[in-house]
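*Asks:* Protein chains in written order, with this note's numbering: chain A, 715 to 942; chain B, 715 to 942; chain C, 715 to 942; chain D, 715 to 942.
Bear in mind the hints are in silico, worked out from the structure with no lab data behind them.
Hints may be right or wrong, so weigh each one.
Copies of the same chain look alike in the list, so a pair counts if it works inside one copy or between any two.
[Said to hold, decoys possible] Pairs of lysine to aspartate or glutamate, EDC-like flavour, derived with a Cα cap of 16 Å:
hint : residue 1 : residue 2
1    : K786      : E733
2    : K738      : D797
3    : K817      : D783
4    : K887      : E852
5    : K872      : E862
6    : K748      : D854
7    : K883      : E741
8    : K774      : E752
4 protein chains.
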Amino acid sequence: MPQKLQTPIIIINFKTYTESTGQKAIELARSAEKVTRETGIQTAVAPQLAELATVTKAVKIPVFAQHIDSIKPGGYTGHVLADSVKEAGAVGTLINHSERQLKLSDIDEIVKITKEKDLISCVCANNPTISAAVATLEPDIIAIEPPELIGTGIPVSKAKPEVITDTVKLVRKVNSKVTILCGAGIGHGEDVAAALKLGTQGVLVASGIVKAKDPYTVIREFADASKR
Amino acid sequence: MPQKLQTPIIIINFKTYTESTGQKAIELARSAEKVTRETGIQTAVAPQLAELATVTKAVKIPVFAQHIDSIKPGGYTGHVLADSVKEAGAVGTLINHSERQLKLSDIDEIVKITKEKDLISCVCANNPTISAAVATLEPDIIAIEPPELIGTGIPVSKAKPEVITDTVKLVRKVNSKVTILCGAGIGHGEDVAAALKLGTQGVLVASGIVKAKDPYTVIREFADASKR
Amino acid sequence: MPQKLQTPIIIINFKTYTESTGQKAIELARSAEKVTRETGIQTAVAPQLAELATVTKAVKIPVFAQHIDSIKPGGYTGHVLADSVKEAGAVGTLINHSERQLKLSDIDEIVKITKEKDLISCVCANNPTISAAVATLEPDIIAIEPPELIGTGIPVSKAKPEVITDTVKLVRKVNSKVTILCGAGIGHGEDVAAALKLGTQGVLVASGIVKAKDPYTVIREFADASKR
Amino acid sequence: MPQKLQTPIIIINFKTYTESTGQKAIELARSAEKVTRETGIQTAVAPQLAELATVTKAVKIPVFAQHIDSIKPGGYTGHVLADSVKEAGAVGTLINHSERQLKLSDIDEIVKITKEKDLISCVCANNPTISAAVATLEPDIIAIEPPELIGTGIPVSKAKPEVITDTVKLVRKVNSKVTILCGAGIGHGEDVAAALKLGTQGVLVASGIVKAKDPYTVIREFADASKR
Chain A
715 MPQKLQTPII IINFKTYTES TGQKAIELAR SAEKVTRETG IQTAVAPQLA ELATVTKAVK
775 IPVFAQHIDS IKPGGYTGHV LADSVKEAGA VGTLINHSER QLKLSDIDEI VKITKEKDLI
835 SCVCANNPTI SAAVATLEPD IIAIEPPELI GTGIPVSKAK PEVITDTVKL VRKVNSKVTI
895 LCGAGIGHGE DVAAALKLGT QGVLVASGIV KAKDPYTVIR EFADASKR
Chain B
715 MPQKLQTPII IINFKTYTES TGQKAIELAR SAEKVTRETG IQTAVAPQLA ELATVTKAVK
775 IPVFAQHIDS IKPGGYTGHV LADSVKEAGA VGTLINHSER QLKLSDIDEI VKITKEKDLI
835 SCVCANNPTI SAAVATLEPD IIAIEPPELI GTGIPVSKAK PEVITDTVKL VRKVNSKVTI
895 LCGAGIGHGE DVAAALKLGT QGVLVASGIV KAKDPYTVIR EFADASKR
Chain C
715 MPQKLQTPII IINFKTYTES TGQKAIELAR SAEKVTRETG IQTAVAPQLA ELATVTKAVK
775 IPVFAQHIDS IKPGGYTGHV LADSVKEAGA VGTLINHSER QLKLSDIDEI VKITKEKDLI
835 SCVCANNPTI SAAVATLEPD IIAIEPPELI GTGIPVSKAK PEVITDTVKL VRKVNSKVTI
895 LCGAGIGHGE DVAAALKLGT QGVLVASGIV KAKDPYTVIR EFADASKR
Chain D
715 MPQKLQTPII IINFKTYTES TGQKAIELAR SAEKVTRETG IQTAVAPQLA ELATVTKAVK
775 IPVFAQHIDS IKPGGYTGHV LADSVKEAGA VGTLINHSER QLKLSDIDEI VKITKEKDLI
835 SCVCANNPTI SAAVATLEPD IIAIEPPELI GTGIPVSKAK PEVITDTVKL VRKVNSKVTI
895 LCGAGIGHGE DVAAALKLGT QGVLVASGIV KAKDPYTVIR EFADASKR
């Protein structure tokens, strides 16, 4: 992973908000790309599946899927095949987001599939213990997000710094290489700076940017804060 | 629905086969479009989500999603929002395919969402009883597919004609308008003709076309058989 | 069903409350039994699975499971086999409660299993449309419970009488025999009387009784109101 | 755990077989108890939930539930509350059996609940990687069972010894205390002896005993082989 994506990194999860659906997904991705061009700080976006192909065509920053299934090619109507997101131009995928939680055996299987297909895996975890469990599966990225703070505007890096430091400590015991991000409630540059200071290599952020009046300004603020 | 799609109709479910992933999805959709142009028989395709936008741009025949979730815009990472498939150009969606079965309350909710968003709903059902239950929810299309025949090449219309006639009978008791399709094992023109003779208005087909050596020829055979 | 259970009927769902766990489950079941003995009104109880055998031994009123799975005997660790609840003395089971919703095909399969095993099926439904869909599967009992009122103390029979009358109307169109119950927010005798007047044959009730200071008194009030 | 259960241990998973349902569950548990009395080797049984209370009353060996849910007391119809299995006399529970797989966050939560309630946790895992992930959650017992061998009669300890040795190695890297069992295909004393020699502290077994013509003889053979 480190060879593929530079850190610190800001990954923007588009979720299924109106503000990031259809044509708006492209605009949002372009704002992120602009910030990367201006600041040199790595940004990435995770739009909905139906917009994956159009977003990857529109921007040069890395694009993630929000989810893939633990399947190989075959008869799996309505599921998400790794090959299809890769052919659509995605470089990686979120896995096990707290809004799309998976069975442990599926997380294990999906991480293995991403390695085979040379996709970057970003596995989400709710708490430090789960982060450590995930770390043993050797994904490229772990994103710790306490679900109770998601979408609240109360930044994990300030409200629950111990969640981050505990995560870093427990994860590093079992995995020295994985990139660690944090998320939930991140809305200001200082939240990003705090996250980095606590030992993470970046943030996974959604509503703080997607639902902002001016997303570009917020992404730029995040990027500037990442330079410390 | 009848005002939106003409019958008889051949809906091709691309599933997650290698033969219908990426660029191949576009070729397959073009074969279906060619048959419709040549024969006047309605075809439609249901590619994977990541290919929805590129397929809808490439062809003029109706394109379905393979699945949408029972969600409104919001924080639902990794889920499929009706608005996103609609903005990608889809005119409808499969729902409750036997490989992606849903809770009853989700089927009810998704059918309601498709009505709001003016999308065509095609709800799949495993047997005649379930078809009748689905029919009370008033979707546009019901597709009866006995799961034990899916992918076998043993056509439901010949191996289990009573499944189709029972379905038509039970469904019509509670719903006089819904379009009824059948699927599973359909591989030859005569299977399609048999399905229509048993009271259906078309077929939902996957491997019989997707995995055929020459998909165009099979679709054409299906279309010719649909003219009776 | 009518030959098995008389109506009006009050079915008490014990859920997984502390007030209905362990020894307390037996006391609660005995209160219901006492009311039936005193008033002649049919009551029934649905304790947790781990207490099924002890409750059926302690009382003579009908005992339901809260859930069974769509399985036959075999290798299904952690699932609930119809045979096991029957051997534990249950006469029936709740199915698809809004807190334990099932795939449509599983509801269909479980109703069929209850018929084979001569168990009474009580399928729960969230709204009138879903109730009608369920009715086509021909269960013994349907219980309509708007999830937004469950546990609120706001009785469906008074707050949303049209949900009940619409359910009765839609269900009777497709099934003339099924017993119709309603639930959610039922806390007083007058709520039960209102439910019966709106066309139901009884109530499915949980917190209104389980969490009452004196459950016996509430069950008695319900039974008295059922006599009209 | 070591203070609660001695090792080597033979845990018999009753699953939902006819041969272990109802009265037969009690007989089977008594066979296990008899072997423990005769040989001093620890056996334990995991009957279905509806038989938990009767089995715990009938025997003195430890009894496990096959599954509990990640819930606290409340409105969770059809779910399995830790308190209820404890009040029914269980000393622990299987978690995440390959036939009842769970989301990672639920496994984490259930292990925490078992600690609070002083229940023994036995988390099942499909492969060495998943075993290591589970080990970081600090359950009392891990049972590695390759799903492809379950119920086959092909013993994991002989067919795939490297699965066991890899599991022991990966688990011990992150957890020095957890008891490690193996399962799948175990049918003879020599399979048990092989499992112990490979570094486990016992076996989790189902059909090899439950479906044996004479379960007592097989359990006795397992116990004798455990003495080495």
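*Asks:* State for each hint whether it applies.
*Replies:* How the hints compare with the structure:
1. With identical chains, the CA atoms of K786 and E733 are at most 16 Å apart between copies only, with a shortest distance of 13 Å across copies and 33 Å within one.
2. Taking the shortest Cα distances, K738 and D797 sit within 16 Å of each other only across copies (12 Å), while inside one copy they are farther apart (25 Å).
3. With identical chains, the CA atoms of K817 and D783 are at most 16 Å apart both within one copy (11 Å) and between copies (14 Å).
4. For a Cα distance limit of 16 Å, the shortest separation of K887 from E852 qualifies both inside one copy, at 13 Å, and across copies, at 14 Å.
5. Only within a single protomer do K872 and E862 lie at most 16 Å apart by alpha-carbon distance; the minimum there is 14 Å, versus 35 Å between protomers.
6. In this assembly of identical chains, the alpha carbons of K748 and D854 never lie at most 16 Å apart, being 25 Å within a copy and 44 Å across copies at closest.
7. Taking CA atoms no more than 16 Å apart as the test, K883 paired with E741 passes in neither setting, with 38 Å inside one copy and 49 Å between copies.
8. With identical chains, the CA atoms of K774 and E752 are at most 16 Å apart within one copy only, with a shortest distance of 14 Å there and 41 Å across copies.
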